[in-house]
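A.B. asks: Next come the chains, spelled out residue by residue.
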Amino acid sequence: MKIVAAKNILKANDQLAAENRARFDAAGVFGVNLVGSPGAGKTTLLEALFSRLKGRLRPAVIEGDIAGSIDAERMEKIGVPVVQINTDGACHLDANMVAMAGQELDLTTIDLLAIENVGNLVCTAGFDLGEHLRIVVLSTSEGDDKAVKYPAIFQGSDALVITKIDLLPHLNFSVERITADMKRLAPEAAVFQVSAVRGDGIPQVADWLAEKCSRKAR
Amino acid sequence: MHELSIVEALIDQVGQELDRAGHQGRVLRLELSIGRLSGVHSESVRFAYGLLAPNTRVENAELVIQEPKAVCCCHACSVRTEIDDLVVQCPCCASSDITIEGGRELLLQSIEIED
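Residue numbers (the numbering used here), protein chains in the order written: chain R, 3 to 220; chain U, 3 to 117.
Do not rely on the hints blindly, as some may be mistaken.
Examples of chain R residues toward chain U, derived with CB under 7 Å [to be verified]:
hint: 1; residue: M3
hint: 2; residue: A7
hint: 3; residue: K9
hint: 4; residue: I11
hint: 5; residue: G128
Over 12 Å on every C-beta distance to chain U, these chain R residues come out as not near it, computed from the model [said to hold, decoys possible]:
hint: 6; residue: A20
hint: 7; residue: R60
hint: 8; residue: G81
hint: 9; residue: D209
Source of the hints: derived by calculation from the structure; they are not laboratory data. C-beta atoms are modelled at their ideal positions from N, C-alpha and C, and glycine is treated no differently.
Here chain R stands alone, though its shape is the one from the complex:
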């Protein structure tokens, strides 16, 4: 005999993600899933944003890495509450890992919860974590063809942050090309250009994030 299921194989993940989102909503926490390649500058971007948002928002971070706690130590150094998840080889975070990590945080003292995913442009696209926004971070040194080559991650994101624009004079990277590709894949998405070392673009991303966060809180 045949049982017709017709169910999403990741249904369990999607249910847990929905529970995470409900928990964040109840506590007034705005969740952001930060995705991008290893070395794109996700942690550096967070450091710059948190420094800019100091006094405006109370941030916390869940750091997802295959191994180690280097990123979590960087967050501790700037005084941001942080939980490290080690995925032990898994190439992405899933909603269950985020639920477990969330239990380690006092959500009532947090406005903005940044979830820094494992550095990966492929597998992270398939797993809803319960976030309210997804931001894809792409550095200029990775090349301007990445949206076309890894469309799923760009298509499902609410913003593209192009990092390391201070390197543009040395690279064949077309901001116009990646922006046009992003607009085709995700017409509603915001596109930012930043250099965390020089500070360019950081205020714009911080204001956008604060605005999204406060609109959610209302």
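Given the coordinates of chain R, work out where chain U should sit on it, guided by the hints.
C.D. replies: Chain U only, in chain R's frame:
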């Protein structure tokens, strides 16, 4: 590695479906639908299934995988084109005023059990 966690979720889900239907019988066949744009590679799913299925309720069950294509619907020339990979322009007229339909499913379609 991504496919490993998907196959783990699949085996859990099959167990839940069998419990719900109150079946103890041997599973003969699983039918999956993995869309071309789902980002999941069928061969990797088969490989992971071979590693994870032994000593579970789906041990020795055959895996049948459908791979539905997506459709690019062009609003400029009205042509609908079946596609294997995501496109940002209509393959027919190159307009970017398009909508992509389907191809993203990742479904457990059916479970066949020994009577």
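A.B. asks: With chain U as the partner, please determine if R/A7 meets the hint condition of a C-beta pair closer than 7 Å.
C.D. replies: 5 Å, holds
A.B. asks: For R/R60, which was marked as not at the interface, is the minimum beta-carbon distance to chain U over 12 Å?
C.D. replies: 32 Å, holds
A.B. asks: Is the shortest C-beta separation between R/M3 and chain U less than 7 Å?
C.D. replies: 6 Å, holds
A.B. asks: Find the nearest Cβ of chain U to the Cβ of R/A20 and say whether that gap is larger than 12 Å.
C.D. replies: Fine: 16 Å to the nearest Cβ keeps R/A20 off the interface.
A.B. asks: Is the interface hint satisfied for R/K9? The criterion is a beta-carbon contact with chain U at less than 7 Å.
C.D. replies: 5 Å, holds
A.B. asks: Would you settle whether the hint for R/G128 is holds or violated, based on the nearest Cβ-Cβ distance to chain U being less than 7 Å?
C.D. replies: 6 Å, holds
A.B. asks: Could you check that no beta carbon of chain U comes within 12 Å of the beta carbon of R/G81?
C.D. replies: 34 Å, holds
A.B. asks: With chain U as the partner, please determine if R/I11 meets the hint condition of a C-beta pair closer than 7 Å.
C.D. replies: Interface hint status for R/I11: holds (5 Å vs cutoff 7 Å).
A.B. asks: Are all beta-carbon distances from R/D209 to chain U longer than 12 Å?
C.D. replies: 29 Å, holds
Comparing the model with each numbered hint stated earlier shows that all of them hold.
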